[in-house]
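Participant: Protein sequence lines correspond, in order, to chains A and B.
473 is the number of the first residue of the first sequence in the working numbering; add one for each residue after it.
361 is the number of the first residue of the second sequence in the working numbering; add one for each residue after it.
You can take every hint at face value.
Below, a list of computed lysine to any residue pairs in the SDA-like style, where the Cα atoms sit at most 20 Å apart:
id	chain 1	residue 1	chain 2	residue 2
1	A	Lys-565	A	Phe-717
2	B	Lys-539	B	His-564
3	A	Lys-692	B	Pro-443
4	B	Lys-525	B	Arg-399
5	A	Lys-699	B	His-461
6	A	Lys-692	B	Lys-477
7	A	Lys-692	A	Phe-673
8	A	Lys-699	B	Thr-463
9	B	Lys-477	A	Val-689
Pair ranges (Cβ atoms, derived):
id	chain 1	residue 1	chain 2	residue 2	range
10	B	Asn-435	A	Trp-687	25 to 31 Å
11	B	Gln-446	A	Glu-622	51 to 57 Å
12	A	Pro-509	B	Leu-540	58 to 64 Å
13	B	Gln-446	A	Lys-699	25 to 31 Å
14	A	Asp-594	B	Glu-400	45 to 51 Å
15	B	Gly-411	A	Ile-602	39 to 45 Å
16	A	Leu-494	B	Gly-382	56 to 62 Å
17	B	Glu-554	A	Pro-700	39 to 45 Å
If you're looking for bench data, these hints aren't it; they were derived computationally from the structure.
Note that the Cβ used here is the ideal one computed from N, Cα and C, for glycine as well.
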Amino acid sequence: MTSANDLTTKLEAVDARRRWLLASPALLTIFLAAIGPLFIVLAYSFLTPGDYGDVKWQFSPDAWIGVFFERDIFDDTLSLATAHVDIFWRSVKLALITTVATLFFGFPTAYFMATRNERSRDLWQFLITIPFWTNLLIRTLAILQIIRNEGILNTALIKLGMIQEPIQILFTDTAILIGMVYVYLPLMVLPIYASLERLDFRLVEAGYDLYATRWRVLRKIILPLAKPGIIAGSILVFIPAIGAFVSPSVLGGGKNMMFSNLIELQFGQGRNWPLGSALSITVMIIVMAALLVYARNNSAKDERHA
Amino acid sequence: MKNTTISDDCAVDIRALRKAYGAGESAFVALDNATVSVRENEFFTLLGPSGCGKTTLLRMIAGFDYPTSGEILLNGSDITSLPPFQRPVNTVFQNYALFPHMTVAENVAFGLEALGKPRTEVKARVAEMLRLVQLEHLAGRRTNQMSGGQQQRVALARALAPQPKVLLLDEPLSALDYKLRKEMQSELKRLQYETGITFIFVTHDQEEALTMSDRIAVMSAGRILQIGTPREIYNRPADRFVASFIGETNFLTGALHGVANGKAKVTLKSGQSVVVNAASDAPASGDVTFIVRPEHASVVEGSGDLRGIVEKVVYFGTDTHLHLRLSGGEAFTVRQQNGSVSGSAVEAGQAVAVAIAEGAAQVVRA
Chain A
473 MTSANDLTTK
483 LEAVDARRRW
493 LLASPALLTI
503 FLAAIGPLFI
513 VLAYSFLTPG
523 DYGDVKWQFS
533 PDAWIGVFFE
543 RDIFDDTLSL
553 ATAHVDIFWR
563 SVKLALITTV
573 ATLFFGFPTA
583 YFMATRNERS
593 RDLWQFLITI
603 PFWTNLLIRT
613 LAILQIIRNE
623 GILNTALIKL
633 GMIQEPIQIL
643 FTDTAILIGM
653 VYVYLPLMVL
663 PIYASLERLD
673 FRLVEAGYDL
683 YATRWRVLRK
693 IILPLAKPGI
703 IAGSILVFIP
713 AIGAFVSPSV
723 LGGGKNMMFS
733 NLIELQFGQG
743 RNWPLGSALS
753 ITVMIIVMAA
763 LLVYARNNSA
773 KDERHA
Chain B
361 MKNTTISDDC
371 AVDIRALRKA
381 YGAGESAFVA
391 LDNATVSVRE
401 NEFFTLLGPS
411 GCGKTTLLRM
421 IAGFDYPTSG
431 EILLNGSDIT
441 SLPPFQRPVN
451 TVFQNYALFP
461 HMTVAENVAF
471 GLEALGKPRT
481 EVKARVAEML
491 RLVQLEHLAG
501 RRTNQMSGGQ
511 QQRVALARAL
521 APQPKVLLLD
531 EPLSALDYKL
541 RKEMQSELKR
551 LQYETGITFI
561 FVTHDQEEAL
571 TMSDRIAVMS
581 AGRILQIGTP
591 REIYNRPADR
601 FVASFIGETN
611 FLTGALHGVA
621 NGKAKVTLKS
631 GQSVVVNAAS
641 DAPASGDVTF
651 IVRPEHASVV
661 EGSGDLRGIV
671 EKVVYFGTDT
681 HLHLRLSGGE
691 AFTVRQQNGS
701 VSGSAVEAGQ
711 AVAVAIAEGA
721 AQVVRA
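Please build the complete structure, drawing on both the sequences and the hints.
Facilitator: Shown next, in the form of structure tokens:
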């Protein structure tokens, strides 16, 4: 009896060991690529800046104080870091406008694709993904060429006699927005397309049959059924947009900073790695909190419905 | 809007309707020269195999497709080119097409809200409709949590709620199992009776068409072959296809001579002759095809209309099928009711005489 029990426990132990061993490549990847770096950033945010960048292994809460407050250089008093708050709001604002704009342009595009016949749909999908194969920097520089004062856009408008002087678009928020909308548009189109492609267009017919006009069918049937795609697309655009780096630094000209430019500054010229780390974590926490609140609201609404 | 003279009791008037895809020689004609008048309060069925054009015709009445030529009139006014949301016509779709993101009540309210009815009226009407289809208790349920039969009822309530002039039903029962289908058939008849709305029903099921319809239009390959009551369609099919599509039939061919008072004599290969019904437009002489339903023929003592040898006897419970080879070589089936328990006295190999019931033989277009 006891020997049988011993055998079972022994076999179970072997089994458990084997399971861990088999899972180890996945666990190792997750640790090395996701959790590990996050802990390093977190640890750095509590250290003292080194003289030439890097960190000194000496605990200091200064970085976290620096995220929210600035120390007066004369009397050492703390005041709210308005520069950081401003840059953060700019980032949120630009990311939100980008999300809305990509939705505005992306939804009709996705609807167009989803209503083509099956063969040409693949072609359209392929065309949408082509920009992904080109380097982001090159795509952004191409936008710069179009919108700069001597660029195609201004030259054409002057030639057409619509304006006398070139419009200053480059190095403004508009330029950053144009760049971000262009770069993130496919991320909005593809998930919406995926949900519209699954849409049963007989439901649209049923809507028309029940006296709904085109606008009403769009509002009451197509949009609610495309909602998962719209949400996925918005998240896919909003999150990288809030942390966008290339568009603001190339098209914003360094004056119009977004959050990632600020972070970059701390790791570069600022030589304040702990502050950069603290800022990184701050933006991550805010985005995650926003998503969680949204997800909770949404699931609560669904439950009420059912 | 065109003003045309039509009779008052005509709900839907379809005139020379044609639908062709593509152009020229290669064009596919889905519907060809369809002309039919559906009466007020009628249960009208479009019957035919898949691809015969019945759904195309229905979709054009609903406004989902537009005809290549021809006219559709609803209570006398031309609706041929109106968009679907401007036609007082509602559809029950084959797979119901219920809105999955709405509750049962929201589905039923959809058409009324689109028409801009006041909130209280919508609420009352939704409740009334759900009562009509016996689903009051499921008003708050999502439609994807329901059985096929329940979804069917929601689809009916949704389509009937705005009180359409005509209800179009596109094979609504085909997705249900046999028992539920039978149940819904009588439910549909009851709803039509209670609401007094004209129903245009599309099906490929000949039995369903016969039991439910006031009148049937039999369609094949984009054409309407015959329009008539179920009895007319079954007993007096005008066309070979109609005769074979509905019920079982014996086809015989022979030489026709002399049509008088709608009757004529046809001489078969064996030399025997049969009195048949022939329409006045039938050819006065020459070879014709006529039909005899198996239950309209019987094996008799002495001399009948036909003679043959019994090849096979098949017992079906309520009746027995006798497969004969006639003296002219044609196959012929006789269906005998099993009126007594003693069973059929006829056996395979036996030579028998066959009598055809008065007026049962009918000449059809080949």
